[in-house]
Amino acid sequence: MFDLEIRKPNRQTVIGFIVAWVCVIAIMVLTMVIAQIGA
Amino acid sequence: MFGLHVLDVATLSIYLIGIVIAGLWAARKVKGVGDYFMGGRAFGKAFMIMHSFGTGTHTDQAVTVAGASYKLGLGGIWYQWLYLFATPFYWIIAPIFRRLRCITTADFFAGRFSPSLEFLYTFWGLFYFALQIGTMLLGTGKTASAITGGGVTEWQAIWVMTLLFLSYGLLGGLPAAIVTDFIQGIFIIVLSFLLCPYVLEQVGGFSGLHAQVPAEMFSLIAPGDPPPGYDRITPFFILMIVINALVGIVAQPHILESTSAGKTELEGRIGFTYGNMIKRLCTVAWSFTGIACIALYPGLTDPEHAFGLASRDLLPIGLIGVMLASMIAAVMSTCDSFMVDGAALFVENLYKRHFRPDETDTHYINVGRAVSLLIVAGGLLVADQFVSVVEIIRFSWSFVAFFGIAFWGGIVWRRCNSHGAWAGILVSGLLWYISDAVWEWELPAQYLLYTIGGFAALVIVSKLTPPLPEEKLNRFYTILHTPVGEEQKLRDAGITVVLE
Numbered sequence: 011m012f013d014l015e016i017r018k019p020n021r022q023t024v025i026g027f028i029v030a031w032v033c034v035i036a037i038m039v040l041t042m043v044i045a046q047i048g049a
Numbered sequence: 003m004f005g006l007h008v009l010d011v012a013t014l015s016i017y018l019i020g021i022v023i024a025g026l027w028a029a030r031k032v033k034g035v036g037d038y039f040m041g042g043r044a045f046g047k048a049f050m051i052m053h054s055f056g057t058g059t060h061t062d063q064a065v066t067v068a069g070a071s072y073k074l075g076l077g078g079i080w081y082q083w084l085y086l087f088a089t090p091f092y093w094i095i096a097p098i099f100r101r102l103r104c105i106t107t108a109d110f111f112a113g114r115f116s117p118s119l120e121f122l123y124t125f126w127g128l129f130y131f132a133l134q135i136g137t138m139l140l141g142t143g144k145t146a147s148a149i150t151g152g153g154v155t156e157w158q159a160i161w162v163m164t165l166l167f168l169s170y171g172l173l174g175g176l177p178a179a180i181v182t183d184f185i186q187g188i189f190i191i192v193l194s195f196l197l198c199p200y201v202l203e204q205v206g207g208f209s210g211l212h213a214q215v216p217a218e219m220f221s222l223i224a225p226g227d228p229p230p231g232y233d234r235i236t237p238f239f240i241l242m243i244v245i246n247a248l249v250g251i252v253a254q255p256h257i258l259e260s261t262s263a264g265k266t267e268l269e270g271r272i273g274f275t276y277g278n279m280i281k282r283l284c285t286v287a288w289s290f291t292g293i294a295c296i297a298l299y300p301g302l303t304d305p306e307h308a309f310g311l312a313s314r315d316l317l318p319i320g321l322i323g324v325m326l327a328s329m330i331a332a333v334m335s336t337c338d339s340f341m342v343d344g345a346a347l348f349v350e351n352l353y354k355r356h357f358r359p360d361e362t363d364t365h366y367i368n369v370g371r372a373v374s375l376l377i378v379a380g381g382l383l384v385a386d387q388f389v390s391v392v393e394i395i396r397f398s399w400s401f402v403a404f405f406g407i408a409f410w411g412g413i414v415w416r417r418c419n420s421h422g423a424w425a426g427i428l429v430s431g432l433l434w435y436i437s438d439a440v441w442e443w444e445l446p447a448q449y450l451l452y453t454i455g456g457f458a459a460l461v462i463v464s465k466l467t468p469p470l471p472e473e474k475l476n477r478f479y480t481i482l483h484t485p486v487g488e489e490q491k492l493r494d495a496g497i498t499v500v501l502e
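Chains as they are written, first to last, in the numbering used here: chain G, 11 to 49; chain V, 3 to 502.
A portion of the hints provided could be inaccurate.
Examples of chain V residues toward chain G, derived with CB under 7 Å [as the list claims (entries may be wrong)]:
1. P90
2. W93
3. K144
4. F208
5. S209
6. V286
7. V414
8. R417
9. S420
10. Y479
11. I481
Which stretches of chain V does chain G cover? Using the computed rule of at least three CB atoms under 8 Å from a CB of chain G, they are [claimed, not checked]:
12. 75-87
13. 278-285
14. 399-407
Just so you know, these hints were derived from the structure itself, not from any lab. Every value quoted in this text rests on a predicted model; they were computed, and no experiment measured them. We put the CB at the ideal spot given by N, CA and C, even for glycine.
Hey, can you work out the whole structure from these sequences and the hints?
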């Protein structure tokens, strides 16, 4: 019905997207860990 | 000298001279319009990372986050982490821009929709660049003046920064901006982390910091009543700023150039995603600097003075010069790119399209140089007139999202037409105005309303009005779905693009 122009992502897209999420989560965790040092 | 030790002046001078030499060296490579505005799409991964990082990071952001963290605690980090959860999507967005094979984002609105939307976007883009340049220069001028104790006045600092980035930017265009961004990016990292050990030492390390600062200031959310000028940092706030960022990032007029100057799609992807990932890490340092300032400078009237005060009071001789050089680097690396991108908008989407379509490359480059000067001068004049720059910047965050609604509609939905895109922009703008100025809603509620309203208007109006010609849509989507490096397919389909 909506005639969307979305194609199946290739391998580089999928892997890169997952790695980027891992980096974001790592940055968040790192920040929370730093915030607790010395508490 | 200028309120600085001779060693600081020497450090600063070496940096400034070095950056101009690097910019002028890069300027030798400019042979045509494609080189001047898009760097000939020839840059590799390292340059693209530092270019995205340098263009997207400026001094006032460090000052703002440190100030917000001073007031709200670690939750203040969200004033720059608004794009954190949007960052992985940059991996997907970057190849879209590279495949469009446009020189400006206004080219996208012309190719996908209509000249009227191209016209609207061009004027908005020029206004955006001028205002951003003016705001950054004025903000950094004030900070530089504070650090030197008034030894360098605000306008002296502005003139020095402006003359320097004009000197190489006008000659070298985007290649000069990208090459200098590589050096300036390193200085921005220095800017971000240089203060941390000194403020921590002053408060007695992390344990001293926890002893002097209330425990709730170390939380990533701040759900209590915010101080004037700040927001309530809740999970809903974070969710909505991320959605707004994801919608709006594509319509920021410099993003296409930031992702498209690379050799291939991969260079654009890595540069855009990981250049911004470095910025997210630097933001952590800005935030902790602000938190430490709660203990160092209790009761500051203006929390945005925290970063400058700590720099002036805690850094040893020599490093103050490095800090000043880094601050100037952070501004110049953004202003040079914005200036070239603004010139590209004017030349490609107004001058070439409507006034002089058949001139030589040299002619267009010279017009671009003249326009660059006007953008910088206009930016300084305009920004100086506004009482509240912060309000203008918040307005520009929302405004890019209005255009972002039209952009995403045009990318993912074939049936989306020019009427629908106009409706999406106008309705979201109207809803923003009503919810902000009339109803005085909090920021996340405004974002939710105008995003849903804008997309709904885009869909309804597109469905109720005639579709765009099939030939125009086929051309657009063929270009979009043809990976970089497979341009022969485009030529076989009878499609020519200006700059592959």
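Hint by hint, here is what the structure shows:
A hinted interface residue such as P90(V) counts as satisfied when its beta carbon comes closer than 7 Å to some beta carbon of chain G; here the least separation is about 4 Å, so the hint holds. Against a cut-off of 7 Å between C-beta atoms, the interface hint on W93(V) holds, since the closest Cβ of chain G lies about 5 Å away. Annotation: interface hint on K144(V) violated; nearest CB of chain G at approximately 29 Å, more than 7 Å. Restraint check, F208(V) versus chain G: the minimum CB separation of about 3 Å is within 7 Å; hint holds.
The criterion of a C-beta within 7 Å of any C-beta in chain G is met by S209(V), whose closest approach is roughly 4 Å, and the hint holds. Because the closest C-beta pair between V286(V) and chain G is about 5 Å apart, less than 7 Å, the hint holds. A hinted interface residue such as V414(V) counts as satisfied when its beta carbon comes closer than 7 Å to some beta carbon of chain G; here the least separation is about 5 Å, so the hint holds. Against a cut-off of 7 Å between C-beta atoms, the interface hint on R417(V) holds, since the closest Cβ of chain G lies about 5 Å away.
Taken as an interface hint, S420(V) does not check out: its beta carbon lies about 17 Å from the nearest beta carbon of chain G, beyond 7 Å. Look at Y479(V): its Cβ gets to within about 6 Å of chain G, closer than 7 Å, so that hint holds up. Violation of the interface hint for I481(V) is found here, the shortest Cβ-Cβ separation to chain G being roughly 12 Å, above the 7 Å cut-off. Counting residues of the region 75-87 of chain V whose CB lies closer than 8 Å to any CB of chain G gives 4, which reaches the minimum of 3, so the coverage claim holds.
Closer than 8 Å: that is the beta-carbon criterion, and the region 278-285 of chain V has 3 residues meeting it against chain G, so the requirement of 3 holds. Closer than 8 Å: that is the beta-carbon criterion, and the region 399-407 of chain V has 0 residues meeting it against chain G, so the requirement of 3 is violated.
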